[in-house]
Amino acid sequence: MMYKLITLASTALSLLSNVSPAENNYNANLSDGAVRNTIGRSQIARNQLNIFRVVAMGDKNPKAFISVSDIYNDTLAIPSTYVNNQKNISFDKLKYFELQTAYRKKLLKGMLLKETDTVFMYDYKLNQLTKTPVIRLKAVAHLTPYADKGEQITIWDYMIGFEIGDKLLRKSGSNYYENLLVYIGSNNPFLPGKMQLVKWKEINKKQFPISNHNTLTKGDKEAYYSFSGGSVIYYIKDILTDGTITERDFIAISTKDKVVLKNEKFTNSEGSSIAPLNFVAGNKEENQWAGYLFKNKPAVIFGFEYHSFGCPSIIVLNKASGNIAINCDNRH
275 MMYKLITLAS TALSLLSNVS PAENNYNANL SDGAVRNTIG RSQIARNQLN
325 IFRVVAMGDK NPKAFISVSD IYNDTLAIPS TYVNNQKNIS FDKLKYFELQ
375 TAYRKKLLKG MLLKETDTVF MYDYKLNQLT KTPVIRLKAV AHLTPYADKG
425 EQITIWDYMI GFEIGDKLLR KSGSNYYENL LVYIGSNNPF LPGKMQLVKW
475 KEINKKQFPI SNHNTLTKGD KEAYYSFSGG SVIYYIKDIL TDGTITERDF
525 IAISTKDKVV LKNEKFTNSE GSSIAPLNFV AGNKEENQWA GYLFKNKPAV
575 IFGFEYHSFG CPSIIVLNKA SGNIAINCDN RH
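Residue numbers 275 to 606, in this note's numbering, belong to the letters of the sequence shown in order.
No wet-lab data here; the hints were simulated from the structure. All figures in this text were calculated on a predicted structure; none of them were measured in a lab. Heads up, none of these hints are tricks.
Just the calculated beta-carbon pair ranges, DEER-fashion:
no.	residue 1	residue 2	range
1	Ser354	Thr529	55 to 61 Å
2	Glu559	Gly504	19 to 25 Å
3	Lys539	Thr428	35 to 41 Å
4	Lys379	Ser595	31 to 37 Å
5	Leu386	Lys441	25 to 31 Å
6	Lys495	Ala594	30 to 36 Å
Note that the Cβ used here is the ideal one computed from N, Cα and C, for glycine as well.
Make a model of the complete structure from these sequences and hints.
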């Protein structure tokens, strides 16, 4: 699993606690002719490779939902009445509502999207690409599951995004959309059929390519693993203290020229923990996947961490390329 659902509420980074008084002034409702641009926190470029997750939202009849709030941070994203008049609105109506015309237009404008754009949803485990035009999807707002009835609600307690129809993702939904990645734009970036589940095998210390790799912690045991996939060999060094993995070194090397493609270190933190390796020590979870995920991009690998808050990244196997963050709207 690339993304561990710590709770079904697994949804957005706790965005933006330092909101200025000017940004909190969102008292006026918008009409169709009064759509204002109030976004200033994220730089969005047309057709930029922004990847999103799908989660199930709703208590009684959960719906597949793509939150874009990691990027779309707008003080006027919803009608002000839901915040200013919340004491006179039932909690059920506060928790979920559709964004009507003016706010839908504002969302699309803020995301640099068009109604004619497409939502591309790729399940890399099933090798299944599902796509639907933006115009067919509801633009909706969900109250974060961490907001309790009776508490003061602010604009930042809402997750803004698109609702997916029940029939579109039936197969992926049976696995809680765990292996599903989303891109919204004009062209499909996904390369089908080129991802594979990593199957690690244990190796000895001498086979690990870097002999003097620095560590941050002193453990009582070291374990080494490798996996060959395509033109890349992947290496792992785990440090375990009292049976728990406390540090992991990851190295990817090209089989063609022996060049180090990527070198990453993982440690446990307040918001993340090191994920077990596939099929090692009785682990049956499918955490790590590797291969070619995107068109005209280097190979990737992911699934080395579980996140209780914050979002994982896709590791791009090229030192000149940065990793690709997944916008998962995972609040804490």
